[in-house]
Structure formats: C-alpha cells, structure tokens
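There are 2 protein chains.
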Amino acid sequence: MNDVNAAPAKVRVSLGARSYDILIGPDLLRRAGAEIARRLPGVRAAIVTDANVAENHLATLQGSLADAGIEASAIIVAPGERSKSFATLEEVVSGILDARLERGDIVIPLGGGVVGDLAGFASGIVRRGMHFVQAPTSLLAQVDSSVGGKTGINTAHGKNLVGVFHQPQLVIADTAVLDTLSPREFRAGYAEVAKYGLIDRPEFFAWLEKNWQAVFAGGSERVEAIAQSCQAKADVVARDELEKGDRALLNLGHTFGHALEAATGYDSARLVHGEGVAIGMALAHRFSTQLNLASPDDAERVEAHLAAVGLPTRLSDVPGGLPGAEQLLTYIAQDKKVSRGALTFILTRGVGQSFVAKDVPTSQVLSFLEGALSQ
Amino acid sequence: MNDVNAAPAKVRVSLGARSYDILIGPDLLRRAGAEIARRLPGVRAAIVTDANVAENHLATLQGSLADAGIEASAIIVAPGERSKSFATLEEVVSGILDARLERGDIVIPLGGGVVGDLAGFASGIVRRGMHFVQAPTSLLAQVDSSVGGKTGINTAHGKNLVGVFHQPQLVIADTAVLDTLSPREFRAGYAEVAKYGLIDRPEFFAWLEKNWQAVFAGGSERVEAIAQSCQAKADVVARDELEKGDRALLNLGHTFGHALEAATGYDSARLVHGEGVAIGMALAHRFSTQLNLASPDDAERVEAHLAAVGLPTRLSDVPGGLPGAEQLLTYIAQDKKVSRGALTFILTRGVGQSFVAKDVPTSQVLSFLEGALSQ
Ligand SMILES: NC(=O)c1ccc[n+]([C@@H]2O[C@H](COP(=O)([O-])OP(=O)(O)OC[C@H]3O[C@@H](n4cnc5c(N)ncnc54)[C@H](O)[C@@H]3O)[C@@H](O)[C@H]2O)c1
Ligand SMILES: NC(=O)c1ccc[n+]([C@@H]2O[C@H](COP(=O)([O-])OP(=O)(O)OC[C@H]3O[C@@H](n4cnc5c(N)ncnc54)[C@H](O)[C@@H]3O)[C@@H](O)[C@H]2O)c1
Ligand SMILES: [Zn+2]
Ligand SMILES: [Zn+2]
Numbered sequence: 001m002n003d004v005n006a007a008p009a010k011v012r013v014s015l016g017a018r019s020y021d022i023l024i025g026p027d028l029l030r031r032a033g034a035e036i037a038r039r040l041p042g043v044r045a046a047i048v049t050d051a052n053v054a055e056n057h058l059a060t061l062q063g064s065l066a067d068a069g070i071e072a073s074a075i076i077v078a079p080g081e082r083s084k085s086f087a088t089l090e091e092v093v094s095g096i097l098d099a100r101l102e103r104g105d106i107v108i109p110l111g112g113g114v115v116g117d118l119a120g121f122a123s124g125i126v127r128r129g130m131h132f133v134q135a136p137t138s139l140l141a142q143v144d145s146s147v148g149g150k151t152g153i154n155t156a157h158g159k160n161l162v163g164v165f166h167q168p169q170l171v172i173a174d175t176a177v178l179d180t181l182s183p184r185e186f187r188a189g190y191a192e193v194a195k196y197g198l199i200d201r202p203e204f205f206a207w208l209e210k211n212w213q214a215v216f217a218g219g220s221e222r223v224e225a226i227a228q229s230c231q232a233k234a235d236v237v238a239r240d241e242l243e244k245g246d247r248a249l250l251n252l253g254h255t256f257g258h259a260l261e262a263a264t265g266y267d268s269a270r271l272v273h274g275e276g277v278a279i280g281m282a283l284a285h286r287f288s289t290q291l292n293l294a295s296p297d298d299a300e301r302v303e304a305h306l307a308a309v310g311l312p313t314r315l316s317d318v319p320g321g322l323p324g325a326e327q328l329l330t331y332i333a334q335d336k337k338v339s340r341g342a343l344t345f346i347l348t349r350g351v352g353q354s355f356v357a358k359d360v361p362t363s364q365v366l367s368f369l370e371g372a373l374s375q
Numbered sequence: 001m002n003d004v005n006a007a008p009a010k011v012r013v014s015l016g017a018r019s020y021d022i023l024i025g026p027d028l029l030r031r032a033g034a035e036i037a038r039r040l041p042g043v044r045a046a047i048v049t050d051a052n053v054a055e056n057h058l059a060t061l062q063g064s065l066a067d068a069g070i071e072a073s074a075i076i077v078a079p080g081e082r083s084k085s086f087a088t089l090e091e092v093v094s095g096i097l098d099a100r101l102e103r104g105d106i107v108i109p110l111g112g113g114v115v116g117d118l119a120g121f122a123s124g125i126v127r128r129g130m131h132f133v134q135a136p137t138s139l140l141a142q143v144d145s146s147v148g149g150k151t152g153i154n155t156a157h158g159k160n161l162v163g164v165f166h167q168p169q170l171v172i173a174d175t176a177v178l179d180t181l182s183p184r185e186f187r188a189g190y191a192e193v194a195k196y197g198l199i200d201r202p203e204f205f206a207w208l209e210k211n212w213q214a215v216f217a218g219g220s221e222r223v224e225a226i227a228q229s230c231q232a233k234a235d236v237v238a239r240d241e242l243e244k245g246d247r248a249l250l251n252l253g254h255t256f257g258h259a260l261e262a263a264t265g266y267d268s269a270r271l272v273h274g275e276g277v278a279i280g281m282a283l284a285h286r287f288s289t290q291l292n293l294a295s296p297d298d299a300e301r302v303e304a305h306l307a308a309v310g311l312p313t314r315l316s317d318v319p320g321g322l323p324g325a326e327q328l329l330t331y332i333a334q335d336k337k338v339s340r341g342a343l344t345f346i347l348t349r350g351v352g353q354s355f356v357a358k359d360v361p362t363s364q365v366l367s368f369l370e371g372a373l374s375q
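Chains as they are written, first to last, in UniProt numbering: chain D, 1 to 375; chain Y, 1 to 375.
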C-alpha cells in the first residue's frame, strides 16, 4: 500500500474543452509537482490553504512543486466557514496578484471545501479566470466540493449565494492526507459517499456496507470509494454543468439537512454539514416509507449503515434540542422555493432508487416531522 | 427624429447560445420595459446606477419598467472610477440579494462603463450568474464597454484585474440620454468610435470625417455611428469571446494611452481615458510613419480629424506636463509584457489598416517618444 510510484486511480470529468482528470491515490501530494508540470508546463503557482492544513501538508506540496521547478507562493487563511467571505476573498485575490501570476498560471486550493470554494472563486475572477488545480484534503472535498466547478462564498443572506462556475484543470486527491482529518470530519464526508450509493448506485451502497471499515482505515478500499464517488458526481456534472436541473438528485438528504444546520445556527460544535445530511438521508427514506413509496426494510437498512459508521440518523441525535415541526418546516421552506403549498423533495423507492418529487404537500412534510421529532 | 415608435437599429452579437441584441435609438429608455418584458417575461429587476445618471434618467427607466409590470429596485453608487472596488461590489451584491432576485431575474446597469463593469460583474457572481441587461448611458459605454461581456473592478494592483466574462441578455443604448453627458465625456467616447474606423473600416472613418458634427448633435447620424461601432466590436467579440488573442486590435491607441493615464496618475481632471486613446492613436499613426509603414498623409489626416472634434492629439496637449521618454517607456512596459527587449504594438499601414506588430524594439519606441515629447 501507499506506494508512491503506483499509478493513481483516475476519473475523467467530461465537459468538452473544459474536461479534466481527477487523480486519486495515497501520497499523491508528493507527486503533485510532477503531475502538474507534465500537464501545464512552465506554470507558476499560488497555494491557498488554511492554518490546519498548512501545519500538516503544506510543506509536502511545496517540496513537490519545488522539485518539479514550479515556483509557488502560499496564502494562508483562517480555518472554518467564516473564511468564505468577501473580506477573505479580497485577501486571497490580493495575494494572487502580489505573486504576479498570469491567466495561464495556477491557483492551488489545498484544503477542505472551504478553501476549495474560496480559492476556486478567486481563481475564477483574477484576470477574469485563471487556471487552477484542486488539491482537496477533506473527504467531503475529495468526493464532492472539488468536483464540478461550483465555487463561492457566503453572505449575510445565506450560504454559497455568490460565486462562479469555474472548472479546474486537474484535481489531485491524496487519500493519505485524510489520516490527519478528525474522525468526526471523516465521518461527515462519508455521509456524502453513502449518498451516491443511495441516489442510484445500489451495488456501491452494498459494497460500502461490507467495506466501510477498510475505507475508514485507508488503503485501496478508500481509493475505490473515493473514485466511485467522484465518478458518480462527474456523471451528474457532465449532464448539467451549470446546474440548470439535473443536479437536483445530489440534494438527497440535503433539504432536511440544511434545515437542521439552520436550526442549530450553523454551529459546528452541534452539527456539521455531513451529519445533517446523514440525518436528512435517513429521514428521506423514512418519509418515503410513510408515503408508501419504499419498504420499511430499506429505511432500516440505510439507518443501520449510517449508525454503524457513527453518523447520527435521528432528530433526537442532534445535541441541544430542536425547534418544533412548524419551525423546521419554515427552515425547509426558506431553503427551497415553496410553490402553492408544495415542496420539491428527493424521495426514494428504495436503496439506490431516488427521484425528484415535485409538489410534495407541506402538510405531509409537517405530519412526518411531528412523528420524527417524537422518536 | 426622436420618434418613440420608430424601430430602433439592431446589432446582433453572435455567440451561440449566449447571443444577444443591441438596440440603438433615441428615447429607447422609455421602451426598455416593453423590450425586456417581451424577451424575458415575468422577470423582476434591480437597477444599478450612479448618482449623476440617477438624477437624469433613473425615473424614466423606472417608469418604463413599471408600465411593463416589471418590479424593480434601485441601487445607487457614487460616480467615478473609484466605485469599481471590492467594497462597492459587495454593496451592489448585497443590494441584489436584498431584492431577493433569482438567477433568471435581471440586473440593469444604467450608466457609463463604471456602472456597467461593476454591476455586470455583480450579476455574474450572484447565484453564480444571473441574467442582466445593459443600459449604457455614456458614449464610451454604448460603443465599447457594454458590448462583449467583459466586466470587472480595479484593485491596488491595477485596473480591471478582477472580474468575469459574462454576456448580457440584451443591450439598450438610448442615444438621446447622451445629451446630458458632458461634452468632454462625449468627445472621449468619440475617440473609441473613430478607433473602429482606424482599425479596419476606412469607409467608416471617411464617413465620420464628413458627419461627425451630426453625430455630436444627435439624430440619425448618431444612431448610425453607434450602430457601426457596436457592429465592429461585436465582430471582434464573436471571433474571440474570452480574449485569447483576436481582440488585440481593439487596443489601437491604448498602449500609449494607458501609459499617459498612468503618467497623469489617473487624474481625470488632467486626462480621461478617451483623451489618452486619442493621443495614443495619433502617436500610433506617427510612429508607423516613422517606421516607414504608413504615409505621413495618413498620420496627418488622423490627427486633423481628432483635433477637429476637439480631442487632444499630442503629448504637449496633456496639461500639467509629462515625465521623460524613459519613464513613459516604463509605464508602457508595465502595461504590456516585455519579452526580450521588444514590445507588442498595434501599428498601421494607413487609415483602416491596423495590424498587431510583435517584437517592436523598445529602442525604437524610446527614440520615437523623445521626438514626440519635443513637439
Ligand atoms: N462547491 C461545491 O460543490 C460544494 C459541495 C459541497 C460542499 N461545499 C462546501 O464545502 C465546505 C465544507 O467542506 P469541508 O467539510 O471540507 O470543510 P472545511 O474546509 O472547513 O474542512 C473541515 C475542517 O477540516 C480541516 N481539514 C481539512 N483537511 C484536513 C486534513 N487533511 N487534516 C487536518 N485537518 C483538515 C479544516 O481545516 C477544517 O477545520 C462548505 O463551505 C460547503 O458549502 C461545496
Ligand atoms: N468592459 C469593457 O469592455 C470596457 C471597455 C472600455 C472601458 N471600460 C471601462 O469603462 C469605464 C469608463 O467608462 P465611462 O467613460 O462611461 O465612465 P463613467 O461610467 O465614469 O462615466 C463618465 C461620467 O459620465 C457620467 N455619465 C454617464 N452617463 C451620463 C449621462 N447620460 N448623463 C450625464 N452624466 C452621465 C458618469 O456619472 C460619470 O461621471 C472605465 O472603468 C473602463 O475601464 C470597460
Ligand atoms: Zn452536501
Ligand atoms: Zn478604450
């Protein structure tokens, strides 16, 4: 295992002239310089990272770039969601311009989804769009945020409301850097991995049920799980680059999940995104059962797997208590557009059989939530 | 003239799925609501404008939108280049989000190039790209900045270094609003009109020599000159949407012009952009003469026309004095990339016969500037 010279797994994101590779494998960061130099000869780089990731992995990337003759500066931001702001964006843009990079040079976001969204956005607006290479270091970033070209920041009005679609030239997912991620963050990212199985890959979900411990431990199963997830996301992105419709299934578990994040004031001590998604996916399956769309066995199976890896699955798992069903519905309605008393939900006919349900009556959501709150 | 019901002139910018119309004619602002409602039924709008333009034309646009049943809010920024900043961008983005607009709703920059660049950029990043409709009110904005999808702001590192390519759904150029523009700003915009003739439309330049007074006075010649200019720019943009090369000819007069703007500290009391371009175009023709590329008659003809409309054409026309040739060359080198002691210039073989000259030796530029400074 961890053989630096083994060929990494590769997933291609097919977007015509904007197509790119995702490389996945252990210790890839040490090969990053060579992989970049081969594809983008002569570039200079600005690495953008956060203080946590810098401590653990910045030197490795810097060394690798230096060995490949790639001149690189580093811009370090504070860890956490609050860095996805206009103020930090301006700092990053300024740092890139200080480094006198041209359009064909690269920005390298080295970090989780926060750094990827922030620095990806910056690279999309400096000189009206520079090249960039994603180097995701959280599981969530490797299987989700680094793939698909969505970049952005938050404002007082809400999350991810400002940004651009900007595709990277390359994604380098070093699966060994995940060993320094906290177990809680790893589990949160795993919720998104399981999501791809639950959307439309039942064999992948069954594989995860058998192999999740190996995925957590690292090694070839981890590479496999991340590659399958990237492939799943890449397929969706290829069908709907600018999110005009087809990406909706990716929101499985997210309607409930976002409402829970809002209800807990985005306080990561109480709930991180992936935990909200885990509860949301369990709820989406139970809601589908209650609507006689799916069998209770499927809902139980999903809940059992998420619980086995240590993810929360019930509303009562959220520490600190939740508001009532009416208030949760208000949060849901804020996230989604409500049209004529009905909501759009991702529901399911069973494991790997999710679908977009338009016109779900809010009254049904409300009575489901009332039941779920008492469990 | 000024018949509100006459069909406006129309120029099509051909960019596949991103194609759009430029409507040009007197009193079009009064028809803006109807033109928008016809093309984008059901939209809501946020108008972004500056205090000068608001005073003169905001009520007209608001009335027109209201008549067409388009709900619109207004965001007013301070006039002038300093509004092309991160701080004002954040304000505009915030105002658009306050109005709760969706991706398919529209931002309407109503103003000169400053408002167009700033609000066009904001519309390009809110919800990762909203629709927008340019309503340019300066001559420069009508013939240049509102066409082609380049948007952006300035930073301490330089002008227009941050932004996106984002094409509008429609451009509405009301030629009568130019009557409230200061004569100096009108002349400055006219330099860009003349530029299109000098690049590759000799008949247009000849037409301008005959008809410029009617263009300044308003009426059908003004519409004609703006339409010809938009067509010229649209042709270039269609060939090179993302400015990968072919747009270079649009920089005729701009290499010298930008150096003069820098040398006068971007002080618009001394020199506005179009004035720098006018001097720059005259210099480009004289430089081409000195290099035996063009006949002195052509250079004199260009200078005579620009001087006739009241534009500056010589370095000595810049009030407050200029630095020496060496220093001017430094400013030129900052604007352009210098490779191996040579510069890229737009030179000419005569009126309407401009071309991109790579590898112009800096020594030749220097000796030309020394001569030009003593005239
Ligand atoms: N662009 C998209 O398509 C998309 C999709 C999903 C989520 N997102 C965004 O992603 C963000 C969440 O991403 P995230 O969960 O990676 O958050 P994050 O970037 O905040 O990372 C989580 C924490 O882990 C730390 N960390 C990351 N990698 C580490 C490593 N290898 N070792 C030690 N510590 C490490 C970080 O410093 C941070 O404290 C959100 O802002 C969300 O909106 C974007
Ligand atoms: N995006 C592009 O492709 C492109 C191309 C060329 C220039 N530009 C940009 O355009 C900007 C310059 O544009 P500009 O010359 O229009 O400057 P501007 O927007 O500052 O307008 C000039 C002045 O005229 C006023 N004004 C505008 N219309 C008026 C009207 N109808 N009546 C009364 N006053 C009016 C404005 O308030 C301002 O004071 C620069 O920032 C430049 O970088 C962009
Ligand atoms: Zn998610
Ligand atoms: Zn210009």
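No lab work stands behind these hints: they were computed from the structure. The beta carbon of each residue, even a glycine, is placed where N, CA and C say it ideally should be. Treat the hints with care, as some may be off.
So the derived list for chain Y, only partly shown, Cβ under 10 Å to chain D, looks like this [claimed, not checked]:
1) ALA87
2) ALA122
3) SER316
How the hints compare with the structure:
1. ALA87: 9 Å, holds
2. ALA122: Hint holds; ALA122 (chain Y) Cβ to chain D Cβ min 9 Å, cut 10 Å.
3. SER316: 34 Å, violated
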